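Order-wise, the sequence lines are chains Y and H.
Residue 505 in the numbering used here sits at position 505 of the first sequence, with consecutive numbering throughout.
So the numbering used here is basically just the index in the second sequence, starting at one, shifted up by 1000.
Hints listed in this document are in silico derivations from the structure and should not be mistaken for laboratory results.
Remember, predicted model here, so these are calculated numbers, not experimental data.
Treat each hint with caution, since some may be false.
As the list claims (entries may be wrong) - Covered, in the sense of this in silico footprint (three residues per stretch, anywhere, with C-beta under 8 Å from a C-beta of chain H), are these stretches of chain Y:
#1 110-124
#2 217-227
#3 400-409
#4 510-523
What the hints assert, rightly or not - Covered stretches of chain H (in silico footprint by chain Y; criterion: 3 or more residues with CB under 8 Å from a CB of chain Y, positions within the stretch not fixed):
#5 1041-1053
#6 1222-1228
#7 1278-1287
#8 1292-1299
#9 1309-1323
#10 1334-1348
Claimed, not checked - With the C-beta cut set under 10 Å, the calculated list includes, among others, these residues of chain Y facing chain H:
#11 Y39
#12 A41
#13 H233
#14 R236
#15 R239
#16 G452
#17 Y453
Ideal Cβ positions, reconstructed from N, Cα and C, are used throughout, including at glycine.
Chain by chain, the residues run as shown.
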Amino acid sequence: MPVFSPFEREQVRVRLVLGGMLLAFLCLGVFLWRVQVLYGARYEVSLREQSMRRVRIPGRRGRIFDRSGECLADNRPSYCIALYLEELRQPGNWDETVHEVQRVVAQLSGVLGIAPELTEEAIRAHIKRRRPLPLIAWRDVSHATLARLAEQRPSVPGVDIYTEAIRVYPHGSLACHVLGYTGRTDPPAEGEPYYYYLPEMAGKRGIERRFDTALRGRPGGVLIRVDVSGYKHHERYLRKAESGEDVFLALDTHAQRLAERALAGVSGAVVVLDPRNGDVLALASGPAFDPNHFSPAISRADWQTLLADADRPLFNRAISGRYPPGSTFKPIVAIAAWENRRVSPGVTYTCAPGGFKLGDTIFHCWEDRGHGPLQLSSALERSCNVFFYRLALDCTYPYIYHMARALGLGSKTGIALDGESAGILPDNAWTLRKRGHRWRQGDTCNAAVGQGYITVTPLQMAVVVAAIANGGDLYKPRLVLGSRRAGAARPSPGAARPVRNMNWSAETLRLIRAGMHGVVHGVHGTARAAAVPGLEMAGKTGTAEYGPKEENKKRGWMTAYAPFDRPRYAVCIVVDDVESASLTVAPRLRALMMGLFGINTEDRT
Amino acid sequence: MGLAVAGLMAIGILFVYSACFLSDEQPVGGVYKRQLLWALVGACCYVLFVVADYRALGEISWWLYVVSLVLLVLVMHTGEQVRGVRRWLSFFGLHVQPAELAKLATILYLARRLGRPGLNLRHPKHMLVIVALVAVPLVLVALQPDLGTAAVFLPIAIAMMFVAGVPARSLGIFLLVGVLFLPVGWLMMDDYQKSRVEVFVNPGKDPLGAGWNKTQSEIAVGSGGFFGKGYLGGTQNILGFLPRTVAPTDFIFSVIAEEEGFVGSVLLLLLYAVVLVGCMRTALLGRDKTGRLLCVGVSVMLFCHVFINIAMTIGLMPITGLPLPLISYGGSFLLTTLTALGLVQSVYVRRYRY
Chain Y
1 MPVFSPFERE QVRVRLVLGG MLLAFLCLGV FLWRVQVLYG ARYEVSLREQ
51 SMRRVRIPGR RGRIFDRSGE CLADNRPSYC IALYLEELRQ PGNWDETVHE
101 VQRVVAQLSG VLGIAPELTE EAIRAHIKRR RPLPLIAWRD VSHATLARLA
151 EQRPSVPGVD IYTEAIRVYP HGSLACHVLG YTGRTDPPAE GEPYYYYLPE
201 MAGKRGIERR FDTALRGRPG GVLIRVDVSG YKHHERYLRK AESGEDVFLA
251 LDTHAQRLAE RALAGVSGAV VVLDPRNGDV LALASGPAFD PNHFSPAISR
301 ADWQTLLADA DRPLFNRAIS GRYPPGSTFK PIVAIAAWEN RRVSPGVTYT
351 CAPGGFKLGD TIFHCWEDRG HGPLQLSSAL ERSCNVFFYR LALDCTYPYI
401 YHMARALGLG SKTGIALDGE SAGILPDNAW TLRKRGHRWR QGDTCNAAVG
451 QGYITVTPLQ MAVVVAAIAN GGDLYKPRLV LGSRRAGAAR PSPGAARPVR
501 NMNWSAETLR LIRAGMHGVV HGVHGTARAA AVPGLEMAGK TGTAEYGPKE
551 ENKKRGWMTA YAPFDRPRYA VCIVVDDVES ASLTVAPRLR ALMMGLFGIN
601 TEDRT
Chain H
1001 MGLAVAGLMA IGILFVYSAC FLSDEQPVGG VYKRQLLWAL VGACCYVLFV
1051 VADYRALGEI SWWLYVVSLV LLVLVMHTGE QVRGVRRWLS FFGLHVQPAE
1101 LAKLATILYL ARRLGRPGLN LRHPKHMLVI VALVAVPLVL VALQPDLGTA
1151 AVFLPIAIAM MFVAGVPARS LGIFLLVGVL FLPVGWLMMD DYQKSRVEVF
1201 VNPGKDPLGA GWNKTQSEIA VGSGGFFGKG YLGGTQNILG FLPRTVAPTD
1251 FIFSVIAEEE GFVGSVLLLL LYAVVLVGCM RTALLGRDKT GRLLCVGVSV
1301 MLFCHVFINI AMTIGLMPIT GLPLPLISYG GSFLLTTLTA LGLVQSVYVR
1351 RYRY
């Protein structure tokens, strides 16, 4: 074995050490390759994940139109003054930034002449939870303020104008119960996870709520790159938001206005349908409210006022009110008796003075002196109770029940609004369950005049009178004609198909219609006050008691259709707390009809 | 080799600038200017030591060693507290790290001692003596606490002994014994050092605290890809995810890797390799054993720093405080490195026996 001198050995060792070091470098190089080239993409993803934030931007809310294209619910821009934290941030802890924000707010307040509205808690909460988003200092400022800000803008950093959309109802409280209102909402739990959400409107009642999904459109998104402190670095558009669909209602603004005017000063409801297809031309409930108060958010005071109002302005009486129909139920009794041939067509009953005795009870007519012998037409014209007590007893209640049920009483019409009541159509099973007794003849008598257990909504009665008007087609009330995407053409509603055809005989119809004609035009008609010169109509009044007996309150009804030949409007009016339907409700119907047909006379109601 | 050194220094200044240019704080933003200043001072030192005879230094190396020990003890009692560690002494406004001086002094002294002619290094007593001589500054530095720098002493000592002629077997036994003492070392570690090791072993352990630098550095290096994001384009740095306090110092390599990618990283390694080869070449050519051992020591010192620092930034080793030679911001270490390289050059210049 060759002997190495110490020097040579040393040289070898030096080389060994060098080799070791270079080998280690090579290993480093391999690892660098691994990290940077092989798995580089993974790290790029991590980088993006920790520094990117998605912000959800709501789409423009769709508008609501009436049948002729009149805009009932719209959006208007609300100009806000926003502060951008990434330009105002101060080194050090958050307090510095908070003070800086307050300083800028105070400075702006002086320059613009508006009082500061941002509280310190609000600033802190924003810094904590929504740092890269603009901090709104003032919402919905006037144009004058905007102009002043535009002048000042270069000298104040980190401030800019920010536009939000606010729901506005150009016609104020018109159709407020149909339209509903919007309010701010929590972000929905959706598929794509968003980090931040910009405030969005959601429908809370009415069509705004029912069609909320379509009206909202699809949200867009913005990608914000944040730095390690969470402040915005820059932003990049992800996707544009999609505008919501516009909704077209069957309402006619002119009719709606007339309907609401008919309720001036009283509580009640008005429904106007088109008997040819079930279109809801007007749906009004009084008292009303102004949905503009809810945009962008209702003040606590206003909300409390609305809630505390004993007349319940938020309550939609037209579809939710459950009221005994009173004498407006009588035509249904008559149709039931005639169609099922329970009585002969020319049947006569005598309304004797003192009422009608059934067992131990006496059922009175509203005319104490009695009407004498009557046939159907005159009985309807005078709204004689006794006639109908006896008619109902001869008909027997089950036929009346089935006719009423077929006409939609006791079930919801399915109109495109939330909160509809089905009302109550009682039968034997019902009384057993709810009142603990079998159906009695006295119950039949009560039902015959629309009192007792039976309750209906004004909408249901409008549907009934529409069926009488068009000869037996029962239509589902059509409130919405269709919706369309922004930029698309107006929707053309298909022909409406009736839910069912009652298959009434022509004779029955002729009789009933003649009687209802007499209600308005007959000498003894209870609704003479509703007559409009030059217009032939048919109708039926009703007066039903409600509330505690000692208060002696009555609700006045009137159902009607016009013109008598080829009807175009079917109306139902209900007014709370009346003298009688004839005195209070009929004149209002007259005014409504005059307006609908464009008839002007000297005297107006 | 001189070119490589100059190149590295220039790179250092460039990337210190990149690491700092977005910082809001005033002194940090102008950091690259300070680095430039130190570079110039260091260059002067380099020249000084080249001109000076390393052998003369070798003669006073014992005293240098003692002085450095004294300074190490001094710094533990009166040193400035920066972030909880006492590492610096201030002399008339200048901050000096005695640990740096200790490294050089120890290398010098070891070189001189091991280089004495006629030594029979087979005898174990020599190794033990050397170990003792190294242990003292090592422990003193470790108590500062500065485990990273302390750890560097060991490979230097071992390499120098190996080259000097201590039998490999003895060294092997010594290493084994040392490994057995590791648990003792663990117990003596400070909490923050322990957490660094824990995070190294279990990466998901403390992502927002001790693990933050590690994770962010890996993301920075990894996302650099093959070609990098371009000078001044390192997003990790721009957005502040790589903390600005460490970016120009311990994690400067992360900045370079993110901005220049794999290509840049490898080039950097090559430059360092050139420097190492240069030093070792001088180790082969040096005139006397002391000189040669000096080169080996310097070389191994630089190697340890480079290796540990880069390994740390890509997650191969726990976080330490070892700076990257000639590139990391830091006047003390720049001076040390340039002094050391000056000494090597001094050996090289005197390699011929006349």
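Claimed coverage, the stretch 510-523 of chain Y by chain H - three or more beta carbons nearer than 8 Å
Since three or more residues must qualify, the claim that chain H covers the stretch 510-523 of chain Y is violated, with 0 doing so at under 8 Å.
If you take the shortest Cβ to Cβ gap from H233 (chain Y) to chain H, is it below 10 Å?
holds, 6 Å
For the restraint on G452 (chain Y), tell me whether the closest CB of chain H is nearer than 10 Å.
At about 72 Å, which exceeds the 10 Å cut-off, the nearest Cβ of chain H leaves the hint on G452 (chain Y) violated.
For the stretch 1292-1299 of chain H, does the count of residues with a C-beta closer than 8 Å to a C-beta of chain Y reach 3?
holds (count 3)
How does the coverage statement for the stretch 110-124 of chain Y fare against chain H, requiring three or more residues with Cβ below 8 Å from a Cβ of that chain?
Per the Cβ count (0), the hint is violated.
Is the listed coverage of the stretch 1222-1228 of chain H by chain Y valid when you require three or more residues with a beta carbon under 8 Å from a beta carbon of that chain?
holds (count 5)
Are there three or more residues in the stretch 217-227 of chain Y whose C-beta lies closer than 8 Å to some C-beta of chain H?
holds (count 3)
Measuring from the C-beta of Y39 (chain Y) to each C-beta in chain H, is the shortest one below 10 Å?
holds, 6 Å
Are three or more residues of the stretch 1041-1053 of chain H within 8 Å, CB to CB, of chain Y?
violated (count 0)
Minimum beta-carbon distance criterion (10 Å), R239 (chain Y) to chain H
Since chain H brings no Cβ nearer than about 23 Å to R239 (chain Y), farther than 10 Å, the hint is violated.
Holds or violated: the stretch 400-409 of chain Y covered by chain H, criterion of 3 or more residues with Cβ-Cβ distance under 8 Å?
Since 0 is below three, the answer is violated.
Tell me if Y453 (chain Y) is really an interface residue toward chain H, meaning its C-beta lies closer than 10 Å to one of theirs.
violated, 68 Å
In summary, the numbered hints that this structure violates are 1, 3, 4, 5, 10, 14, 15, 16, 17.
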